[in-house]
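*Asks:* Going by our numbering, the residue at position 28 of the sequence shown is 28; the numbering climbs one at a time, nothing skipped.
If you are wondering where the hints come from, they were derived from the structure by calculation, not from laboratory data.
Bear in mind the structure is a predicted one, so any value in this text is a computation, not a measurement.
Even for Gly, the Cβ is constructed at its ideal location relative to N, Cα and C.
Treat the hints with care, as some may be off.
[Said to hold, decoys possible] Here are the computed distance ranges between Cβ atoms for each label pair:
| no. | residue 1 | residue 2 | range |
| --- | --- | --- | --- |
| 1 | Lys-7 | Leu-41 | 50 to 56 Å |
| 2 | Ala-13 | Met-46 | 46 to 52 Å |
| 3 | Lys-14 | Ile-42 | 28 to 34 Å |
| 4 | Thr-3 | Leu-24 | 28 to 34 Å |
| 5 | Lys-15 | Arg-52 | 45 to 51 Å |
| 6 | Gly-40 | Thr-4 | 42 to 48 Å |
| 7 | Leu-44 | Thr-3 | 52 to 58 Å |
| 8 | Met-46 | Gly-22 | 34 to 40 Å |
| 9 | Val-8 | Met-51 | 52 to 58 Å |
| 10 | Gly-22 | Leu-45 | 33 to 39 Å |
| 11 | Thr-3 | Gly-30 | 32 to 38 Å |
| 12 | Glu-5 | Ala-47 | 53 to 59 Å |
| 13 | Ala-49 | Thr-3 | 54 to 60 Å |
| 14 | Ser-31 | Ala-2 | 32 to 38 Å |
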Amino acid sequence: MATTEVKVMPERAKKPLWQRLGWLALIWLGSVVSLALVAGLIRLLMAAAGMRTH
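The task is simple: from the sequences and hints, build the whole structure.
*Replies:* Take a look at the structure:
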C-alpha cells in the first residue's frame, strides 16, 4: 500500500507575504487581460460576420 508523505517547508524556505500576494496579483491581472483579449477577438469576429451591437 502506498503512503503519502507530507513535506513541511522549513520556516526559512517560506516566501514573504508581499511576494506571495504579488504573485497572486500578477496571476489575477494576467487572467483579466487574457479574458479581455478573448472578448475583443469574439467581438471582432461577430462584427466581421455582420452582427452589430446597438
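*Asks:* Let me make sure I understand: some of the numbered hints might not hold for this structure. Which ones are they, in numerical order?
*Replies:* 1, 3
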